[in-house]
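Asks: Spelled out, the chains give:
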Amino acid sequence: MNALTPHLPALQVIVPMLMAPFVVLLRARSLPWAAATATSLLAFAIAIQLTMIVIGGTPMTYQMGSWAAPYGIELHVDALTALLLLLVTGASSVALIGGRESLAAIISEDREPLFFAAWLLALAGMAGIVVSGDAFNIFVFMEISSLASYVLVAGGPDRRALPATFKYLIMGTIGATFYLIGVGLIYMMTGTLNLADMELRVHEVADQKPILAAAGFITVGLALKAAIFPLHVWLPNAYTYAPHIVTAFLAACATKVSLYVLLRFDFFVFQQNLIGHEFQFAAYLMPLAILGILVGSAVAMFERNIKRMLAFSSVAQIGYMMLGASLVTATGLTAATLHMFNHALAKGGLFLAIAAVAMVVAGSRLSDIAGQARRMPWTFAALVVAGLSLIGIPGTAGFISKWYLINAALELETGGVALVALILVSSLMAVVYIWRIVEAAYFGEPTSDEPARVPMALVVILWAVAIANIGFGIAPELPLALSATAADILLGHVQ
Amino acid sequence: MDILGIYHYWVFAILLMIGFYAVIAKLNLIKKLIGLSLFQAAVFLLYITMGNVEGASAPIFGYGAETFSNPLPQVLILTAIVVGISTMALGLGLVVRIKEEYGSIEEDEIQEMDRR
Numbered sequence: 001m002n003a004l005t006p007h008l009p010a011l012q013v014i015v016p017m018l019m020a021p022f023v024v025l026l027r028a029r030s031l032p033w034a035a036a037t038a039t040s041l042l043a044f045a046i047a048i049q050l051t052m053i054v055i056g057g058t059p060m061t062y063q064m065g066s067w068a069a070p071y072g073i074e075l076h077v078d079a080l081t082a083l084l085l086l087l088v089t090g091a092s093s094v095a096l097i098g099g100r101e102s103l104a105a106i107i108s109e110d111r112e113p114l115f116f117a118a119w120l121l122a123l124a125g126m127a128g129i130v131v132s133g134d135a136f137n138i139f140v141f142m143e144i145s146s147l148a149s150y151v152l153v154a155g156g157p158d159r160r161a162l163p164a165t166f167k168y169l170i171m172g173t174i175g176a177t178f179y180l181i182g183v184g185l186i187y188m189m190t191g192t193l194n195l196a197d198m199e200l201r202v203h204e205v206a207d208q209k210p211i212l213a214a215a216g217f218i219t220v221g222l223a224l225k226a227a228i229f230p231l232h233v234w235l236p237n238a239y240t241y242a243p244h245i246v247t248a249f250l251a252a253c254a255t256k257v258s259l260y261v262l263l264r265f266d267f268f269v270f271q272q273n274l275i276g277h278e279f280q281f282a283a284y285l286m287p288l289a290i291l292g293i294l295v296g297s298a299v300a301m302f303e304r305n306i307k308r309m310l311a312f313s314s315v316a317q318i319g320y321m322m323l324g325a326s327l328v329t330a331t332g333l334t335a336a337t338l339h340m341f342n343h344a345l346a347k348g349g350l351f352l353a354i355a356a357v358a359m360v361v362a363g364s365r366l367s368d369i370a371g372q373a374r375r376m377p378w379t380f381a382a383l384v385v386a387g388l389s390l391i392g393i394p395g396t397a398g399f400i401s402k403w404y405l406i407n408a409a410l411e412l413e414t415g416g417v418a419l420v421a422l423i424l425v426s427s428l429m430a431v432v433y434i435w436r437i438v439e440a441a442y443f444g445e446p447t448s449d450e451p452a453r454v455p456m457a458l459v460v461i462l463w464a465v466a467i468a469n470i471g472f473g474i475a476p477e478l479p480l481a482l483s484a485t486a487a488d489i490l491l492g493h494v495q
Numbered sequence: 496m497d498i499l500g501i502y503h504y505w506v507f508a509i510l511l512m513i514g515f516y517a518v519i520a521k522l523n524l525i526k527k528l529i530g531l532s533l534f535q536a537a538v539f540l541l542y543i544t545m546g547n548v549e550g551a552s553a554p555i556f557g558y559g560a561e562t563f564s565n566p567l568p569q570v571l572i573l574t575a576i577v578v579g580i581s582t583m584a585l586g587l588g589l590v591v592r593i594k595e596e597y598g599s600i601e602e603d604e605i606q607e608m609d610r611r
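So the sequences go chain by chain: V and F.
So for the first sequence, our numbering puts the first residue at 1; every next one is plus one.
So for the second sequence, our numbering puts the first residue at 496; every next one is plus one.
If we strip away everything but chain F, and leave its shape as in the complex, we get (with noise of 0.2 Å):
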């Protein structure tokens, strides 16, 4: 089995861990976003990828071309890389209320004053 061959399912794998780990394991706010934007990116790949046809061409006709790319999945992304957007846009406009309010954008130290 041809395993690098469907290199583009290691891509977003890793690429899905690595946005993952960052959302999990830091404690920054905006490193937290940084890695729910990976995370995100991830997943647009697999879609994009997944209609790429090998030696095929864009979805346009009267070209000479035999073979068609499926453009569905590009379009479908274009919507969700808009909600990634306005998620990444909210989610700054949280961090920077939260600095306001708390003077800080570390998990932890925001948790010890709630705490008091």
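Only chain V is shown next, with the shape it has when bound in the complex (with noise of 0.2 Å):
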């Protein structure tokens, strides 16, 4: 197309890891926010383009500096890449843009540089582990996006927000450094940090004791980044009390990247090579993904405050994903990916809503909404429709995930019913945790009735996500094409 085109997997990261520092400098009212929505929208932009190139299933590859790969660190680009890409960028994009009023209640007009830089690099960050194909390179990106997540989820107003991002701070550190052994451990016994070269020489490797150890450190470690159940405490409170907007965009991507590095890591380099992995795999995860699912939908269920709750249903759909992953067959793996895809856009919309919701009341427990969906119609409309979608309602996007996922577990020969029925069922709890909100909102005893302001920005936006998740319902080719085309390469890696 255009001379900067096959530049565009390392444009991706450099343009918002250039423009932090750059934001850091505007003093003027505004235009941090107004530089941080623009670069954003650019890397969104940058991710349609890199996904309109890989759709085909071609994967993409850049030398970063002309250094060959193995030497120099390459960035790789294939379907699965190119899904993260767009709801990594997507999200930041629409949390910036329908967020400028409930950030700036949140955050003081001489801290709003420094916000929105640590935005930025977050989002760097965070589109740098997609992009990355050199182990020691995503651990660099993996810890840019995370300190800048904590310095985004410290921004919180109440002071409980602090407690909550030591914690983070504390198990996201554990979690990367034992990333960081298993790293070294490969590195120990291959000499590389080449993921694609990694993969053709780890099975020359005549003692595979340190791999295997390689394999559960780094295991443990994502684990814990992607929140998977029974790693998953520090999440609720982190999500709790980060601004509502942070909330929304991190809960729409953060732990969906570590997963994809554990999928990636899983099905490129020790999955063809490790005797028994693939049993490993499945047989250590399926059970975590299980009880993720229940306990994280029974937990939110009888949560009284709904960001917590809605913190705990994610727990239950990080589930949902690494139970599709753990079935390592091509349905499984698109339930899985289409899934991150899915579920990114029903909980975006539900904390955007939620930010609507904190602009007009205090506090976000059930009885703080009573009655109050009769003074804010539009936004609660919208926080039913992604409500809808996060149960798996046919027509909304949720649907198609589940469907898909129904569709692996009764591909099994055995055990394929019961799963089934645990997919039911913890639908059925998210039938109930959505319905107490409803509840409260549409029936509750409302403190007033006159008609509150919802920034107009805002509602668009909340609108467009809860659009796209019906759109995403009625036609999934997109998505569906790029998570199937993804199954077919994690799983082209496996024979």
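Check the hints yourself; a few may be wrong.
[What the hints assert, rightly or not] Between beta-carbon pairs, the in silico distance windows are:
(1) F/523 / V/428: 38 to 46 Å
(2) F/506 / V/304: 48 to 56 Å
(3) V/52 / F/557: 48 to 56 Å
(4) V/415 / F/549: 49 to 57 Å
(5) F/573 / V/425: 45 to 53 Å
(6) F/609 / V/447: 36 to 44 Å
(7) F/576 / V/415: 41 to 49 Å
[Claimed, not checked] Using 25 Å as the maximum straight-line C-alpha spacing, the simulated BS3-like pairs for lysine-lysine come out as follows:
(8) V/167 / F/526
(9) F/594 / V/167
(10) F/521 / V/167
(11) F/521 / F/594
(12) F/594 / F/526
[Stated by the list, open to error] Residues from chain V shown here face chain F by an in silico Cβ test under 10 Å; the list is partial:
(13) 163
(14) 170
(15) 180
(16) 187
Because the hints were derived from the structure by calculation, they are not lab data.
Note that beta-carbon positions come from the ideal geometry of N, C-alpha and C, so glycine has one too.
Using the supplied hints, reconstruct the complex from the two chains, each of which is provided in its own coordinate frame.
Replies: Have a look at this one:
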């Protein structure tokens, strides 16, 4: 197309990263927000371009500084990468466009440049994790995005945001360090950090024990980062006390990025090379996925704080993604990657709606929103649409991925019916907790009846997300094509 | 099998566990951070020692050395040390803010205050 096209994978990371220090220098009111939003939209445009290039199934690689792989750092974009890039940049853009007033209410004016710089660094870090094809480079980007998101979470108005961030920092650092140990062990045995090169060399290693240990360290480390049950304890508080808009951004993509790295390591590097690894991957992660689904949904049913309820629901949804991946079939992996996309739409929409509601009422407990649907009909209507998508009602995006997940479970020779029952039961649990929000909002006694003013931009963007939930439920071709190609790529490395 | 011949792995494992223990068991937030720092330092040692070749010199040509140590792990760890410092700075900054807000840096006291 033009001269910049081959450089898009690098630009995806570099544009937000270079804009971050620039944003720090902007002092006028709203300018930092405008610059961050524009950068985020530009990154989204780059992600769309990349998606159009790789959707056919041919991956795109980029040698950083023209140093050839495996010695130089290689960037690698395929269908799975493109899906994640769309999620990360899309979530960031949507949250920023809608979040101006909501953030201005929480972040003082003199801190705004720093806050938006941290936002861009988080964006650059996550995009970097996704495009990088180098194990150590992934670690560095992981820490860039984590450090930046600690800052974002700590910006929450409640003082409880601080201990929550501290916990997030401790657990995040332990996760990243575990990952680092695993990468070190692999490097020791293979002498390479390039993922593609690693894949070839790992099975030439005579003594597989260090590689097995590395697989353990990397899986546990990334499971911590991805909040896979029972390593999810940092997530509920971090999501609850972060600024609402930050929650919408992080809930849509942060854990999924780590899950993506986990999938890439398990399928690209370890899968074909370790004896019995296919069995181990499923055998260890499937029970955790099932427990995560049940415990996350059950806790969400009894939670009174809406943000915390939705955070526990996230733990359950991560369980769905793991369940799909742990089946190690084409349909299962399609369901897992598709659910990453659809869950981001549904949960992003829900948290944006919470952000809109929080502009009017203080607090995010169920009792705080009693009867508020009469004051904010549009906001709550969008919340209901996103909620239906989270439950998986036909006609919404959430239904498509659950449908694929059920199909994948039915392909199993044994235990498939039990998994389907599990998925149905946890969907019913989702009906319960979404209904509790609806019940409080629509049938509770309001404190006042006058219509409340919610920022127009937020309502518009909220409805854009709600319509996307319905749109991708009726016409799911794009995410479906990406996930199916992604599943093929992942499985292609197993044989 | 020469167990002490690979003593640096023992140093790595013991240091790692001391750090990990402190992170989990200590209630004082500063002590937790010290533990985290030890935990990371252990991993730095793992990387640096793995690149060393016995009797080898630094990888500089033309000084008569025959064998060279691998410099790459040290370069990697330089980056990881920077990451560790940033994490520590951010962690300490958070502890300062927690002390300002709660007047305590003991985890159990903070939890007690939040429960009320």
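Asks: Next, verify each hint and record whether it holds.
Replies: Going down the list of hints, with the structure as the test:
no. : hint                      : in the structure
1   : F/523 / V/428: 38 to 46 Å : 44 Å, holds
2   : F/506 / V/304: 48 to 56 Å : 49 Å, holds
3   : V/52 / F/557: 48 to 56 Å  : 52 Å, holds
4   : V/415 / F/549: 49 to 57 Å : 53 Å, holds
5   : F/573 / V/425: 45 to 53 Å : 51 Å, holds
6   : F/609 / V/447: 36 to 44 Å : 26 Å, violated
7   : F/576 / V/415: 41 to 49 Å : 47 Å, holds
8   : V/167 / F/526             : 14 Å, holds
9   : F/594 / V/167             : 15 Å, holds
10  : F/521 / V/167             : 13 Å, holds
11  : F/521 / F/594             : 17 Å, holds
12  : F/594 / F/526             : 14 Å, holds
13  : 163                       : 5 Å, holds
14  : 170                       : 6 Å, holds
15  : 180                       : 5 Å, holds
16  : 187                       : 7 Å, holds
In summary, the structure is inconsistent with hint 6 from the numbered list given earlier, while agreeing with all the others.
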